[in-house]
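Engineer: So the chains spell out like this:
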Amino acid sequence: MFEPILLRRVTLPRSDSIDVYLANGGYRALEKALHEFKPEELIDLVRKSGLRGRGGAGFPAGLKWGFMPKEDVQKYLCVNTDEGEPGTFKDRVLVERDPHSVIEGAIIAAYAVRATRAFVYIRGEFFLGVKSWIKAIADAYQRGFLGKNILGSGFNLDLTVHRGAGAYICGEETAMLDSLEGKRGEPRLKPPYPAQVGYLGKPTLVHNVETLANVPHIVLNGAEWYASIGTPRSTGPKIFCVSGHVFRRGVYELPLGTPLRTIIYDYAGGVPHNKRIKAVIPGGASTPFLTAEQLDVPMDFESLAAAGSALGTGAIVVLNEDTCMVDVARRTARFFAHESCGKCTPCRVGSQRILQVLEDIEAGRGRPGDVERLHDLCEGIAGHTFCPFGDALVAPIRSSLKLFADEYQYHIRHGKCAVAA
Amino acid sequence: MSPGKFAQQDPVKRSMLLTALYVAQEQYGYLSPEAIQRVAERLGMSPLDVYQAASFYSMYKTKPMGRYVLQVCEGLSCHLAEGGDKLVDYLQKKLGIKVGETTRDGLFTLLTVQCLASCGTSPAMRVNDTLYENLTPDRVDLILQELRGGR
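In the order they appear, the protein sequences are chains A and B.
By our numbering, the letter at position 13 of the first sequence is numbered 13, and the numbering carries on one by one without gaps.
By our numbering, the letter at position 89 of the second sequence is numbered 1089, and the numbering carries on one by one without gaps.
Only chain A is shown next, with the shape it has when bound in the complex (with noise of 0.2 Å):
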């Protein structure tokens, strides 16, 4: 049994509160980060750790770190709590029941590239959220943990909340630097990255809520301990998130690298009713999904890719073998619809176009040839959108043509379902 690293404080009672936090090693690596690192010292250590990014795209950590200017300019950092990918809640845990641990982990991360404004960026629908990072930040302020000369160590930082306003593409962090300027939260064109043009134009680290989570333990732990979790390339521990067809739903904190069958079925207790698993969804709405003869595959960055998917946020979705997979593609594609910003063409209207042909083929009024229909429309958004939303929307409306060819062939030829039948 692995124990939690991330979570061992969230099943406490007050477990958001500061005064369980600091009895329970709390702060510590603040302490330590402040008065034993310098600066470089820190993205060092954090580079050797192996940290990579837990909001999707598995960035090293390290590496973007040293992507802020050294120079002396204003330089923000953002905290990433826009989680919207369906499927996800593993943040959404971290802030309600955790927040000092991520606070914790920013105020390390700001010392480390010298940034001195912080700003958490939340989804406008977390309200339970907004209530806990702002007591949180409070009480960080009030025990000198934020503010002017941060435990006597000349270091200065301020922490204030910011909501969204129901948008997933915020979640992207050109398109949140622009929702916190007060503008539409659109993406904008990369490079130039946040690193050198963020926030107001200035250079800007932004991170997810659990990404930062991980830093007080590399700091208080070592490098080396923390690569010696997981696999080689994907270290450390990971909120896994199960939904849908398990018995118990839930968050798991287990090694990078555990295979999938292992958390469906150790951990979610397996399938209800000795049901089959059809699909599974391993990272979240935008990736790819996995059949039943994948389940072995090993929950880390390169071995998903290897398996056609990607971790993605560790969201895993399982769906049992009487799920309709254009049911499940149709409502993927209404999120994605509703939920493109409509700056760039091929994305605005090709997401409209996918789900206007699935409903069809849903209502029994498939044609045919809507199946090279809607891989043609994939084919024109892939690669040709303004932002990665593109390729996020077609990357699962692609796998579940591929991998479940003969149930949108049923549905064209016989206007009804083979599962639902």
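Calculated from the structure, these hints are not laboratory results.
Misleading hints may appear alongside valid ones.
To be verified - Result set (DSS-like, lysine-lysine): computed pairs, CA atoms no more than 27 Å apart in a straight line:
(1) B:K1013 - A:K190
(2) B:K1063 - A:K183
(3) B:K1061 - B:K1093
(4) A:K343 - B:K1013
(5) B:K1061 - A:K131
(6) A:K32 - A:K48
(7) A:K343 - B:K1061
Stated by the list, open to error - What the simulated footprint calls covered on chain B by chain A, stretch by stretch (three residues with Cβ under 8 Å from a Cβ of chain A suffice, anywhere in the stretch; the number is not a length):
(8) 1049-1059
(9) 1102-1108
To be verified - Label pairs and their calculated CB-CB ranges:
(10) B:P1047 - A:D72: 35 to 41 Å
(11) A:L22 - B:D1089: 30 to 36 Å
(12) A:N24 - B:D1089: 41 to 47 Å
(13) B:G1150 - A:P69: 53 to 59 Å
(14) A:E359 - B:K1093: 18 to 24 Å
(15) B:K1093 - A:N274: 31 to 37 Å
(16) B:G1096 - A:G144: 52 to 58 Å
(17) A:P259 - B:R1139: 34 to 40 Å
(18) A:T262 - B:T1136: 29 to 35 Å
(19) A:V349 - B:G1150: 43 to 49 Å
Glycine is no exception: its CB is placed at the ideal position from the N, C-alpha and C atoms.
Put chain B on the given structure of chain A with help from the hints.
Structural biologist: Here is chain B on its own, set in the frame of chain A:
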């Protein structure tokens, strides 16, 4: 706190737009033309600029809402747990309105919302600032009953 007070706190006034819009929505009930106008004045923006930004975000409402806004999660995990569309259908019948509409007595507005991150505790629905999870038709009945009693 007034939108103006927020504006003074930030290096760039416009950065406070999302917050100011929340405050205005709270004060005016929805983002009426007057509310937009007031935010624009406070932040030194044109009303068109404010409206353009506001209309991007699904949580800003440009028409009046009911006293209780029911937001049903239509995410995949809610659907797999017998929520989502089924819950929407149930509420539509129960309240006699369609998604996007408000009951005649002004009490309930029914909306759908993208993933509420309640996938582990689905089906989920948000009512104003309360999150309801693990919903069943019986629980929904109880919630509506309570809300009706609390007016």
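Engineer: With reference to the structure, classify each hint as holding or not holding.
Structural biologist: For each hint, the structure was consulted:
For the proposed pair K1013 of chain B and K190 of chain A, the alpha carbon gap of about 26 Å is at most 27 Å, so the pair holds. Our distance criterion of 27 Å between C-alpha atoms is met by K1063 of chain B and K183 of chain A, whose separation comes to about 21 Å. A threshold of 27 Å between alpha carbons decides the hint, and for K1061 of chain B with K1093 of chain B the separation of about 24 Å falls inside it, so the pair holds. Among the hinted pairs, K343 of chain A with K1013 of chain B is consistent with the structure: their alpha-carbon atoms are about 25 Å apart, no more than 27 Å.
Between K1061 of chain B and K131 of chain A the alpha-carbon distance is near 22 Å, which keeps this suggested pair within the 27 Å criterion. The straight-line distance between the Cα atoms of K32 of chain A and K48 of chain A is roughly 18 Å, inside the 27 Å bound, and the hint therefore holds. Between K343 of chain A and K1061 of chain B the CA atoms are separated by roughly 21 Å; this keeps the pair inside 27 Å, and the hint holds. With 6 residues carrying a beta carbon less than 8 Å from a beta carbon of chain A, the region 1049-1059 of chain B meets the three-residue requirement, and the given coverage holds.
Remark: the region 1102-1108 of chain B is not confirmed as covered by chain A, as 0 of its residues place a Cβ nearer than 8 Å to a Cβ of that chain, below the required three. Against the hinted window of 35 to 41 Å, the Cβ-Cβ separation of P1047 of chain B and D72 of chain A comes to about 40 Å, which satisfies the hint. Our hint of 30 to 36 Å for L22 of chain A and D1089 of chain B is violated, since their Cβ atoms are close to 49 Å apart. In this structure, N24 of chain A and D1089 of chain B meet the distance hint of 41 to 47 Å, their C-beta atoms being roughly 46 Å apart.
Restraint check, G1150 of chain B to P69 of chain A: a C-beta distance of roughly 55 Å satisfies the suggested window 53 to 59 Å. Look at E359 of chain A against K1093 of chain B: about 22 Å separates their beta carbons, and that is inside 18 to 24 Å. The beta-carbon spacing between K1093 of chain B and N274 of chain A, approximately 34 Å, falls within the hinted interval of 31 to 37 Å. The beta-carbon spacing between G1096 of chain B and G144 of chain A, approximately 56 Å, falls within the hinted interval of 52 to 58 Å.
Against the hinted window of 34 to 40 Å, the Cβ-Cβ separation of P259 of chain A and R1139 of chain B comes to about 36 Å, which satisfies the hint. The hint said 29 to 35 Å for the Cβ distance between T262 of chain A and T1136 of chain B, and at roughly 31 Å that hint holds. At roughly 45 Å, the beta carbons of V349 of chain A and G1150 of chain B sit within the given window of 43 to 49 Å.
In this structure, the earlier hints numbered 9, 11 are contradicted, and the remaining ones agree with it.
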